[in-house]
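Build the full structure now, drawing on both the sequences and the hints.
There are 2 protein chains.
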Amino acid sequence: MIGLVQDVGVRSDTPATRIRRALKEQMDTGLLGPGDKLPPERELSALFGTTRITVKEALQSLEAQGALYCEDRRGWFVAPRRLDYNPMYRSHFHALVAQQQREASTRLIAARQEVAPASTCQRLGLPALSRIVVIRRVRSLDGRAVMYAEHHLRPERFPDILMQDLTQSLTGLYERVYGIRYGRSRFEIVSGAASGEVAQALALREGSPILQVTRVNHDEAGVAIDCDHEYWRHDAVRIVVESQ
Amino acid sequence: MIGLVQDVGVRSDTPATRIRRALKEQMDTGLLGPGDKLPPERELSALFGTTRITVKEALQSLEAQGALYCEDRRGWFVAPRRLDYNPMYRSHFHALVAQQQREASTRLIAARQEVAPASTCQRLGLPALSRIVVIRRVRSLDGRAVMYAEHHLRPERFPDILMQDLTQSLTGLYERVYGIRYGRSRFEIVSGAASGEVAQALALREGSPILQVTRVNHDEAGVAIDCDHEYWRHDAVRIVVESQ
DNA sequence: CAGTGGTCTAGACCACCAG
DNA sequence: TGGTGGTCTAGACCACTGC
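Chain order of the listed sequences is A and B. Each residue of the first sequence is one higher than the last, beginning at 1 in this note's numbering. Each residue of the second sequence is one higher than the last, beginning at 1 in this note's numbering.
Some hints could be false.
Pairs involving identical chains hold if they fit within one copy or between any two copies, as the list cannot separate such chains.
[Unchecked claim] The calculated lysine-lysine pairs, modelled on DSS-like cross-linking and capped at a C-alpha distance of 30 Å, are:
#1 K56 <-> K37
#2 K56 <-> K24
#3 K37 <-> K24
For the record, the hints were derived by calculation from the structure and aren't laboratory data.
Spelled out as structure tokens, the structure:
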């Protein structure tokens, strides 16, 4: 253990740590900017003289920090900055995004009546096996799919809503067409994992971490009339809440 | 591809999927309950006829979903249920936990004056290189460390606070000893990754996903007087916010 | 000190995306 | 169809935990 020619300047200098540090440095100095694509994993492993598994481990740890993201079978990219999102303002997604000088788009996946899942029956105070309107959409920020949303509505409060243009703001639609004004609402925010349709819609691996926002909206009389399930890419959003 | 003796009942029946499914089933049926320890990775890999890397991948994906958690070099455990936490109520952690029929404890890590990091100067509207009081604590739920908190205070508003018992509720202390009553506050919630002291305090691997809650508190005159940085185990908490 | 997870090597084949 | 990440095998040694 004497006089070996080694890097001893940095403690715990494992291969994965070296890769993380090198990539971070490139991002800090701006040599790699938001949206840039990284070289393929095989190339990185040759570059750093290690195996793909080790490279992947370093990349995944940067992904967990929100510094990088991965598109399934397409490659690794530097993450854009987060969107500030205040779930208390039922602000229109497009307006919110425009305020932050970015570009929004919405894709409708499905809109139909379905039998409500048990959790929605509970939240909306519906009897078992009730039918609800379900609207599924994917929202993109600067061309990148960042959020999958599922809206569950009491059908009797929203007649013929399936005939409407459902790529616009639903909040606006509720107010304009159905004269619905909200009273209190309740949110729950948990960190979860992408699976099935959510993972597919957001181009995420099964099991990638996501931020799950569930909201139950009540009318002015206190009746729960709809609930939303939003699944955000964990690196795409910063939730902001102000009290008073 | 004809007549091979295979499981064909389930699509995408990869080794990792089989392991996930088997473990989930054991948890659903209660054969594995909250807090239970899983067999060692090596044993699981023998059991499922696969390698440790594959087993680990399955375990990590259940960890991302919040179903399992891992204590560094100690083993894998079934995750307890989440704590409901409403950051709008500046409710005392111990009271909150007791309300949910669970047990809380607090460990003081450090309390001293330090030079404020730039982000805290910005948030509290302090000049560069100001000194602040920093209090670092770890909070446990039923004996498991679930949250690391760092409190940053304007020192002139909290004279001699370092002489106080800092394992109790700080909110209570502020009010009782310093007569401080809050006006508005602002939260930010982002999903991040554990590193350094946070990872160590929560017995997490470097890079494990966490939920980061930052709060800036103002007095009744609108002056920012302190800010908190909370780092929650991502599987330990459900954030609940009610509006109106 | 034994047990456990943390990390790593050096390959292999598969599944999906884009040209 | 070629390139990419997704997944997997079959080992190895290290570092920390707790007896």
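Honestly, which of those hints from before does the structure not fit? No hint contradicted; all consistent.
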